[in-house]
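Peer 1: Sequence:
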Amino acid sequence: MRADALPTPEQACPIAPVVDLVFSRWTTPILWALNEFGRLRFVELERRIGTITPKVLTQRLRQLERDGLLTRTYHAEVPPRVEYEISDLGRSLAPLFATLSVWSTENLPKVEEARSAYDETHRTLPLI
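The numbering of the sequence shown is the numbering used here, which starts it at 1 and goes up by one.
Read the hints as simulated data drawn from the structure, not as lab findings. Positions of the beta carbon are idealized from the N, C-alpha and C atoms, including for glycine. Incorrect hints may appear among the rest.
Claimed, not checked - Computed Cβ-Cβ distance ranges for the label pairs, DEER-style: (1) 116 with 94: 12 to 20 angstroms; (2) 99 with 63: 35 to 43 angstroms; (3) 59 with 105: 26 to 34 angstroms; (4) 121 with 62: 39 to 47 angstroms; (5) 110 with 25: 32 to 40 angstroms; (6) 106 with 42: 32 to 40 angstroms; (7) 75 with 118: 35 to 43 angstroms; (8) 36 with 80: 23 to 31 angstroms; (9) 107 with 15: 17 to 25 angstroms; (10) 72 with 10: 26 to 34 angstroms; (11) 118 with 72: 16 to 24 angstroms; (12) 74 with 4: 50 to 58 angstroms; (13) 87 with 107: 44 to 52 angstroms; (14) 96 with 7: 21 to 29 angstroms.
Claimed, not checked - Straight-line distance between alpha carbons at most 25 angstroms, and here's what the computed SDA-like set of lysine to any residue pairs gives: (15) 55 with 38; (16) 55 with 26; (17) 55 with 83; (18) 110 with 39; (19) 55 with 28; (20) 55 with 99; (21) 55 with 66; (22) 55 with 65; (23) 55 with 18; (24) 55 with 27; (25) 110 with 90; (26) 55 with 24; (27) 110 with 38; (28) 110 with 92; (29) 55 with 82; (30) 110 with 29; (31) 55 with 39; (32) 55 with 73; (33) 110 with 87; (34) 55 with 45; (35) 110 with 32.
From just these sequences and the hints, can you work out the full model?
Peer 2: This is how it looks when you write it as structure tokens:
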């Protein structure tokens with residue numbers, strides 16, 4: 001890399017591609033649900049996640065299948081049945097999810113306190 005060249009995102013932060021892959025909107029809840037509850041049908045996933053639209057869920061499922069993080073199984077029945085399951089590659093993220101779950105439990109209250117303190121001290125500052 002030239003001295004005056006800006007680093008690529010991957011050079012600046014080696015985990016950036018993983019963060020983009022795993023922590024994009026809706027990806028984490030999908031992977032979490034499949035890891036926690038096993039093989040699920042589309043409607044079951046939709047219910048577990050709650051606020052995701054069918055269009056977005058379809059897009060994310062296709063991307064996760066393309067990335068190798070889940071598998072899609074089509075059952076040629078009447079009516080047709082499709083199931084989604086986390087792949088071995090996706091399952092390898094389970095320790096990361098477990099660590100983040102512990103961190104969330106221990107630290108999200110602190111984040112909320114920090115936000116409240118910040119909001120309180122900055123509420124009285126004049127806007128420029």
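Peer 1: Please write out, lowest number first, the hints stated earlier that are contradicted by the structure.
Peer 2: 1, 2, 5, 7, 11, 13, 18, 20, 25, 27, 28 and 33
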